[in-house]
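Trainee: Below, each chain spelled out in residue letters.
Protein chains: 4
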Amino acid sequence: MTDDSSNRVQVLDHGYVGLIDSMGDDLAIVNGARQSFNERSTEMDERNAGLINFLMREKHTSPFEQVQAQFEVQLPIFVAREWMRHRTQSFNEMSGRYTQLPRLFYVPGRDQIREQKGKPGAYYYERMEDTPRAEIHRIRIKNTCIHAFEEYENMLRDGVAKEVARLVLPVNTYTKFVVSANLLNWMRFLSLRNHEHAQYEIRVYAEAIESMLMQLAPVAMEAFVEYGRLR
Amino acid sequence: MTDDSSNRVQVLDHGYVGLIDSMGDDLAIVNGARQSFNERSTEMDERNAGLINFLMREKHTSPFEQVQAQFEVQLPIFVAREWMRHRTQSFNEMSGRYTQLPRLFYVPGRDQIREQKGKPGAYYYERMEDTPRAEIHRIRIKNTCIHAFEEYENMLRDGVAKEVARLVLPVNTYTKFVVSANLLNWMRFLSLRNHEHAQYEIRVYAEAIESMLMQLAPVAMEAFVEYGRLR
Amino acid sequence: MTDDSSNRVQVLDHGYVGLIDSMGDDLAIVNGARQSFNERSTEMDERNAGLINFLMREKHTSPFEQVQAQFEVQLPIFVAREWMRHRTQSFNEMSGRYTQLPRLFYVPGRDQIREQKGKPGAYYYERMEDTPRAEIHRIRIKNTCIHAFEEYENMLRDGVAKEVARLVLPVNTYTKFVVSANLLNWMRFLSLRNHEHAQYEIRVYAEAIESMLMQLAPVAMEAFVEYGRLR
Amino acid sequence: MTDDSSNRVQVLDHGYVGLIDSMGDDLAIVNGARQSFNERSTEMDERNAGLINFLMREKHTSPFEQVQAQFEVQLPIFVAREWMRHRTQSFNEMSGRYTQLPRLFYVPGRDQIREQKGKPGAYYYERMEDTPRAEIHRIRIKNTCIHAFEEYENMLRDGVAKEVARLVLPVNTYTKFVVSANLLNWMRFLSLRNHEHAQYEIRVYAEAIESMLMQLAPVAMEAFVEYGRLR
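Chains as they are written, first to last, in our numbering: chain R, 212 to 442; chain F, 212 to 442; chain S, 212 to 442; chain Y, 212 to 442.
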């Protein structure tokens with residue numbers, strides 16, 4: 212499978228997820244599992260679909276490691292910070308030491324100026340009902356970031372090193388990385404990040420990843436959803 | 212070994228590294244290695260020191276995994292971002308979703324307003340010689356961050372959720388984490404981060420970690436330095 | 212915590228599990244978790260026990276990585292093979308390349324000459340009811356192993372390298388390793404290995420590990436059992 | 212890339228290594244690295260080859276994780292034991308609990324009945340010069356294994372569970388697994404296993420893997436060899 216710009220899903224105001232490459236599919240999972248019995252299948256059929264469902268239900272997870280998927284992702288730094296807690300993924304990220312960061316930052320839509328409700332351990336979030344107030348905060352976020360980027364660019368113009376000038380940039384600045392992981396690890400990622408407790412801004416990325424994996428290994432991904440994900 | 216505030220080293224303007232706990236020392240490495248020969252030592256002596264030197268010289272690294280060290284670290288977010296690329300460490304970090312971040316951010320000292328020299332693949336950094344200009348940039352960094360924190364606090368006061376309001380905070384905001392790793396992994400961390408190519412701001416943290424590990428497992432750490440680190 | 216021969220539990224006919232060292236306890240888990248809120252506790256109390264139960268119930272597993280435990284284990288090779296599938300553990304094992312393996316192998320007790328029942332995906336095992344037949348198989352296992360060891364020793368006497376002579380040794384030969392892992396990983400190990408689907412011979416080792424961890428971090432381990440383990 | 216029996220290399224008397232699938236090649240490494248500079252290449256050229264050489268020389272290893280290769284391997288258990296110490300690989304192995312193991316075991320060629328020379332830390336191995344004596348040991352190995360398999364099969368015939376009967380099988384019995392890892396990890400594997408200190412029997416497998424990776428990512432693999440491997 213090769214790079215194809217049609218494989219790209221837009222996320223948030225300036226972000227995206229694109230599938231770059233992959234290795235294996237449902238059949239690779241089947242053949243990982245059949246290895247235990249010294250067998251091998253050459254095509255997916257009902258019996259093999261049944262095997263995948265059995266594996267997921269019984270949490271025999273190792274065969275799901277035999278599928279690999281690689282994405283390119285553009286995302287705000289604070290989202291990247293949560294994402295990179297997943298330690299069995301392989302990352303190559305754009306570096307603010309070596310590249311001037313483009314003036315690209317995330318401003319939440321009006322519906323995403325959220326208020327926090329509930330109590331510790333059971334927080335939930337609702338949009339700010341008062342639209343004019345929400346709009347004020349959107350503009351505030353935008354202006355604060357424009358100001359930070361202006362100061363960043365002023366420092367660069369005066370010869371300050373990129374690695375120092377970037378200190379003032381906000382955590383909603385967009386960064387970009389290539390990320391590769393096996394399907395089991397992507398499932399663990401989705402279990403935590405495409406979940407109601409995850410912050411909205413990472414959840415929409417996880418939804419994009421999930422829809423792409425659904426095409427790559429549909430039987431496995433449906434079993435994943437069916438059996439309650441990897442909680 | 213237990214928490215002791217005297218085990219804390221100040222780093223940068225508001226950061227620190229503190230050793231919280233550890234497991235094992237030079238002798239644990241020796242006994243990891245002696246396991247191959249079905250032997251066990253009860254104290255460090257010249258022969259055992261020689262064994263540790265042999266292990267390091269020949270890069271027989273697995274016995275160094277038998278020592279564990281846990282630190283509490285306060286550090287700017289952009290330093291934490293580099294640190295957390297080390298994927299065999301265990302982290303628990305302060306969360307900007309659940310806690311209001313204190314108005315604590317890193318302002319480089321006058322000597323650390325740096326200019327970038329050299330070319331791709333061989334950059335180096337020098338302090339800005341023109342002191343008044345450097346001072347202007349210091350103040351610029353400080354003021355930009357104060358402004359961002361003011362807007363953050365304004366949003367919080369008006370009921371915006373912490374997880375949204377934090378978007379405007381700069382990447383030099385201080386965060387804090389507990390981190391635990393085995394000695395081999397700490398050595399890999401030091402090989403990359405206490406190195407002339409590392410950014411100054413993470414290098415000073417790596418130096419603090421190195422000095423503390425030097426006390427914990429002196430024979431192993433001296434061998435690590437002696438044999439050119441793990442490059 | 213230091214080595215103490217009283218910390219050793221006998222397993223199977225010639226095996227054992229001994230706790231060598233550890234780092235942290237229930238309080239370290241609490242303080243890993245409290246880090247999110249920029250807080251720290253100095254002693255376990257009801258509120259902290261409640262926090263650990265909450266973490267386990269909600270599968271917020273990362274704070275459990277802040278506890279480490281190191282064991283010395285003597286076990287048959289076929290058990291070690293299953294054990295070492297757990298890839299976040301640190302191992303140092305006795306080597307048959309460098310050490311002559313002592314004539315030590317596992318012979319199942321009469322109750323452990325088992326027959327397999329059920330069907331693929333749902334096997335179970337029952338002891339062979341016919342005691343004299345079971346006894347014949349016990350003796351058969353014993354004699355086959357004695358013969359293999361005799362041939363091994365014959366080859367060694369004639370100058371064959373240890374790494375070649377060992378080829379004939381059976382997979383029930385005892386080996387020995389030091390193993391270190393964090394508590395979350397031990398819980399994952401126990402979820403799979405102290406489980407009715409695990410082979411009896413690894414399950415008894417997992418039970419020994421579980422009883423020792425129960426002393427090290429009782430609140431966490433009880434929560435682990437209470438909330439259905441990490442399945 | 213898909214399974215192709217011509218991709219199979221014979222190793223030892225009954226073993227083999229076959230490339231099953233892969234993801235990425237030299238260009239994927241280049242694009243992992245160029246991500247730092249927010250650039251992307253569409254074909255390999257001299258400049259990109261130069262970049263790969265630079266990455267390897269300076270040990271900037273993370274882009275090499277963007278290539279994945281999956282193999283099927285048939286190998287003696289004692290070789291599998293060393294192989295599976297590599298903890299970032301994904302394995303699915305034939306199970307002696309669920310499958311009757313075929314009567315397939317490794318008998319060293321006459322040149323591989325080795326004697327051990329040298330001293331601890333610097334062993335080396337030479338073939339036993341006395342050919343008739345070497346031949347005696349070959350036959351001894353063969354007969355001991357045939358005897359063990361006969362007893363294994365006797366127990367199976369009498370209804371003993373496979374997981375119990377297998378106890379008597381020697382560590383040179385052939386097993387089989389599917390294994391998947393990224394290129395950086397394969398390089399670490401080769402650095403240790405295609406090395407003069409490695410046991411002959413794993414070294415020949417490592418040579419087979421190396422020759423296949425040489426075809427998959429030739430520029431990276433030549434740089435790996437050129438710059439002294441990952442020691």
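Hints may contain errors.
Each pair may be met inside one copy or between any two copies, as identical chains are not told apart.
[Unchecked claim] Straight-line alpha carbon distances no greater than 20 Å define the calculated SDA-like cross-link-like pairs of lysine to any residue that follow:
1) K328 with N396
2) K373 with G329
3) K373 with E433
4) K270 with N396
5) K373 with G332
6) K373 with Q327
7) K328 with H358
8) K373 with R308
9) K387 with S252
Treat the hints as calculated values from the structure; they're not laboratory data.
Trainee: Could you run down the list of hints and mark each one as holding or not?
Mentor: Against the structure, the hints come out as follows:
| no. | hint | verdict |
| --- | --- | --- |
| 1 | K328 with N396 | neither (31 Å within a copy, 34 Å between copies) |
| 2 | K373 with G329 | between (42 Å within a copy, 13 Å between copies) |
| 3 | K373 with E433 | neither (45 Å within a copy, 34 Å between copies) |
| 4 | K270 with N396 | both (13 Å within a copy, 16 Å between copies) |
| 5 | K373 with G332 | between (40 Å within a copy, 15 Å between copies) |
| 6 | K373 with Q327 | between (36 Å within a copy, 8 Å between copies) |
| 7 | K328 with H358 | neither (31 Å within a copy, 27 Å between copies) |
| 8 | K373 with R308 | within (5 Å within a copy, 29 Å between copies) |
| 9 | K387 with S252 | between (39 Å within a copy, 16 Å between copies) |
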